[in-house]
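J.: Positions 429 to 777 (my numbering) are the ones given, in order, by the sequence shown.
Source of the hints: derived by calculation from the structure; they are not laboratory data.
Note that CB positions come from ideal geometry on N, CA and C, so glycine has one too.
Keep in mind that the hints are not guaranteed to be accurate.
Pairwise CB distance ranges, derived in the manner of DEER restraints [to be verified]:
{"id": "1", "residue 1": "433", "residue 2": "496", "range": "34 to 44 Å"}
{"id": "2", "residue 1": "612", "residue 2": "685", "range": "32 to 42 Å"}
{"id": "3", "residue 1": "678", "residue 2": "500", "range": "20 to 30 Å"}
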Amino acid sequence: MRKYQTLILLLAAYAAATWFPGPGLWLREINLISGSIHPPQVLLAALLLSAGLCASPGAVHTIVSARQRFVVLAVAAWLVPLLAALLVVAVLWGMLGGPASVALGVVIVAAMPVANSSVGWATSMGGSVPLSIALLVVGTALSPILTPLVIGAGAFSLGTAEQALTRTPWSEGMGLFFLIWVLAPVLLGVWLASRFSKTVNDQIVPVARRVSFVILIALNYLNGAPCLPALAQEPELLLWPVLAGASLLLVSFTCVQLGPRLWTINRTATRAPQKVGLLTESNVIESDSAERVSLLLSVVLRNTGAALVFAGAALPDYALVSLTIIAYTMLQHCWVGFFLSPRPSDLPA
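Start from the sequences, fold in the hints, and give me the full structure.
T.: In structure tokens form, the structure reads like this:
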């Protein structure tokens, strides 16, 4: 696929959700298996399963052999957006008086684990795919614990959605949500990928990436349908969400760029030990550059698909929360696609 196709189709999905929301609203309400399971949750699980299937057969061994360092890096990749979110909220909400719902949307985005699309972008941009997979898996594994804590603290401090959260099952079920719909699918995908031969893996990965691409577009349409139609009558509603999303993105990127020592990792962390002695100086420099790309992507790209599913289920009456998440979704793909200059590839995102 072409370089900017993801961005173009995302914009098309948002346009469809704005002017033709009917099918999306109908699909959102379909009951699957039980009354508490709806298409967005199932599509999110399929999206993350597809991401896990893109792992190389040796990804599990790589993650286990350097698990302590990957945990440290995953936590660091989570802390940077959170610190950026605190700064953005302090300025846009505390000082400039922006809507509190937008501030909560910023907190929710920052509390999400690494986006599964970071793996596809890492491949396209010459990043370290094993490192991207490791950060995705470890960050997702931490999400049942860290994400509810962060969102709960943000809701309490902002006050805007505290009551909405307490009167929904999400106040006690956020950890279970991330365990079932986020962590389990990606771990299953990684485990299946580790069982495949290289030949089978080479056949499955392109299909998984295209399936992931289709689901990404569908999820953004389904989760945009409840909140985007308001933009047709009041386009100025998007002003604060875009400003907040752009600020979060810019501050996160700047933090990574200004802290190179924080992102220096052990050069053996993502390589087979028997090959370390064969590395030349140019190999090391190239590997360090690839690792920096993956680390940068892990900070900038957040799992906004999970954020939208969560916000749509837990906070359906807070349209600005979903608009902020949608704005960041669009901006993060735009930032990576235009400013980080990936090489032409048939990977969607």
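J.: All the hints need checking, so say for each whether the structure fits it.
T.: Checked hints:
1. 433 to 496: 34 to 44 Å: 39 Å, holds
2. 612 to 685: 32 to 42 Å: With a Cβ separation near 35 Å, residue 612 and residue 685 satisfy 32 to 42 Å, so the hint holds.
3. 678 to 500: 20 to 30 Å: Check passed, 25 Å falls within 20 to 30 Å.
This entry satisfies every hint, going by the numbered hints stated previously.
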